[in-house]
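Chemist: Listed below are the residues making up each chain.
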Amino acid sequence: MSNKEWPLWEVFIRSKQGLDHKHVGSLHAADAEMAVQNARDVYTRRMEGVSIWVVESKHIHASNPDDAEAFYEPANDKVYRHPTFYDVPDNITHM
Amino acid sequence: MIQTEINHESVREHIQQFSAETRAQLFQYVLQLADTSLMLSHRLAEWCGHGPILEQDIAMSNISLDLLGETRSYFQYAAELEGKGRTEDDLAYLRVATEYKNPLLVEQPNGNFADTILRQFIFDSYHFHFLKELQKSSDKHLAAIAEKSFKEASYHIKWSSEWVIRLGDGTDESHAKMEAAIKNLWQYSGELFMPTETENLLKEAGIAPDLSVLKTQFDEYAANVLKEATLELPEKVFMHKGGKLGIHSEHLGFLLSDLQYMQRTYPGLQW
Numbered sequence: 001m002s003n004k005e006w007p008l009w010e011v012f013i014r015s016k017q018g019l020d021h022k023h024v025g026s027l028h029a030a031d032a033e034m035a036v037q038n039a040r041d042v043y044t045r046r047m048e049g050v051s052i053w054v055v056e057s058k059h060i061h062a063s064n065p066d067d068a069e070a071f072y073e074p075a076n077d078k079v080y081r082h083p084t085f086y087d088v089p090d091n092i093t094h095m
Numbered sequence: 096m097i098q099t100e101i102n103h104e105s106v107r108e109h110i111q112q113f114s115a116e117t118r119a120q121l122f123q124y125v126l127q128l129a130d131t132s133l134m135l136s137h138r139l140a141e142w143c144g145h146g147p148i149l150e151q152d153i154a155m156s157n158i159s160l161d162l163l164g165e166t167r168s169y170f171q172y173a174a175e176l177e178g179k180g181r182t183e184d185d186l187a188y189l190r191v192a193t194e195y196k197n198p199l200l201v202e203q204p205n206g207n208f209a210d211t212i213l214r215q216f217i218f219d220s221y222h223f224h225f226l227k228e229l230q231k232s233s234d235k236h237l238a239a240i241a242e243k244s245f246k247e248a249s250y251h252i253k254w255s256s257e258w259v260i261r262l263g264d265g266t267d268e269s270h271a272k273m274e275a276a277i278k279n280l281w282q283y284s285g286e287l288f289m290p291t292e293t294e295n296l297l298k299e300a301g302i303a304p305d306l307s308v309l310k311t312q313f314d315e316y317a318a319n320v321l322k323e324a325t326l327e328l329p330e331k332v333f334m335h336k337g338g339k340l341g342i343h344s345e346h347l348g349f350l351l352s353d354l355q356y357m358q359r360t361y362p363g364l365q366w
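As given, the protein sequences belong to chains A and B, one line each in that order.
Our numbering puts the last residue of the first sequence at 95; the count rises by one with no breaks.
Our numbering puts the last residue of the second sequence at 366; the count rises by one with no breaks.
Everything labelled a hint here was simulated from the structure, so no lab data went into it.
Incorrect hints may have been included.
In silico SDA-like pairs for lysine to any residue, Cα to Cα no more than 20 Å straight-line [as the list claims (entries may be wrong)]:
hint	chain 1	residue 1	chain 2	residue 2
1	B	Lys253	A	Val50
2	B	Lys246	A	Glu48
3	B	Lys253	A	Lys16
4	B	Lys253	A	Thr44
5	B	Lys231	B	Glu323
6	A	Lys58	A	Asp31
7	A	Lys16	A	Ser51
Working from the sequences, and respecting the hints, build out all of it.
Modeler: Spelled out as structure tokens, the structure:
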């Protein structure tokens, strides 16, 4: 019997109200079709979603935590990048 | 999934349209449907915590719960049809082996994963087409149960067919195990399509689907999947029967001792 592990997949689910797919976890599956079915069985048991994306974990490239200072701190003192310096006209709603 | 209580009043009203004779036949028929889903549900639940991988463990538990939901609908209906004050739990838990009317297929032991997959595939290929036809039943209550369960069965058949193809057209080992499973289990597929007297009478009344029609759909569907799975059916298979009449294999007794243990030991126990 071969002991080869099935590859790991990351699962993204879009809820009924949601506009975007959110990462919910990971699972093992032999291929994409099985990954979608497994995701349905593992992650949508309680009506969590109406759409599923799966992507093999090895295809996800992540930033390195060691780079955090260089990556994120330079934004700290650039408050002018937030759109808070504008007066919103009264008849524009939903802002 | 397990659903809420039916509306007893409206079901009681619904069954007034049937003669006492039809009601008695319908009771037998609905019990047979209930027992069929109950036994397979129980078998699949036995995998809980023992599945080959977590994801498939959950998949089998999900299917088990779908079937349990369906079986509850049938038992609740059967209890009303009988009208003797027995509840769905009495019917599910407090009968003896010969009073259960499920076909032999669904009481067969889980065996290995290939056996479970093949048993499920045979059942799903039948169940999917059965529920599709049952939605046209002149009994509106049965048609409504079928409509709800059909969505679930559509997923089940996808799941088990995928697995038959994967295992059949997989490694030499998985192929050999599927061949062995066919040898073990195909002999129980025929009974699904052998009508009992009750099934024939209710077919005439437009309540029960015509099993010969289902058989054609089953054969065609199963042949396509098995071909894709590079699996072959044996030429001549002796088909066992008896379950639908209450004549069971030895396995049912063991299954029932598990299933009924709690109610027999602590009568009336509730969660």
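Chemist: Take the hints in turn and mark each one as holding or not.
Modeler: We went through each hint and held it up to the structure:
1. This hinted pair checks out: Lys253/B and Val50/A have alpha carbons roughly 18 Å apart, not beyond 20 Å.
2. Proximity of Lys246/B to Glu48/A is assessed by CA-CA distance (about 18 Å); at most 20 Å being required, the pair is judged to hold.
3. With a C-alpha separation of about 24 Å, the suggested pair Lys253/B and Lys16/A falls outside the 20 Å cut-off, and the hint is violated.
4. A threshold of 20 Å between alpha carbons decides the hint, and for Lys253/B with Thr44/A the separation of about 17 Å falls inside it, so the pair holds.
5. Between Lys231/B and Glu323/B the alpha-carbon distance is near 31 Å, which puts this suggested pair outside the 20 Å criterion.
6. Proximity of Lys58/A to Asp31/A is assessed by CA-CA distance (about 13 Å); at most 20 Å being required, the pair is judged to hold.
7. Our distance criterion of 20 Å between C-alpha atoms is met by Lys16/A and Ser51/A, whose separation comes to about 8 Å.
Comparing the model with each numbered hint stated earlier shows that hints 3 and 5 do not hold.
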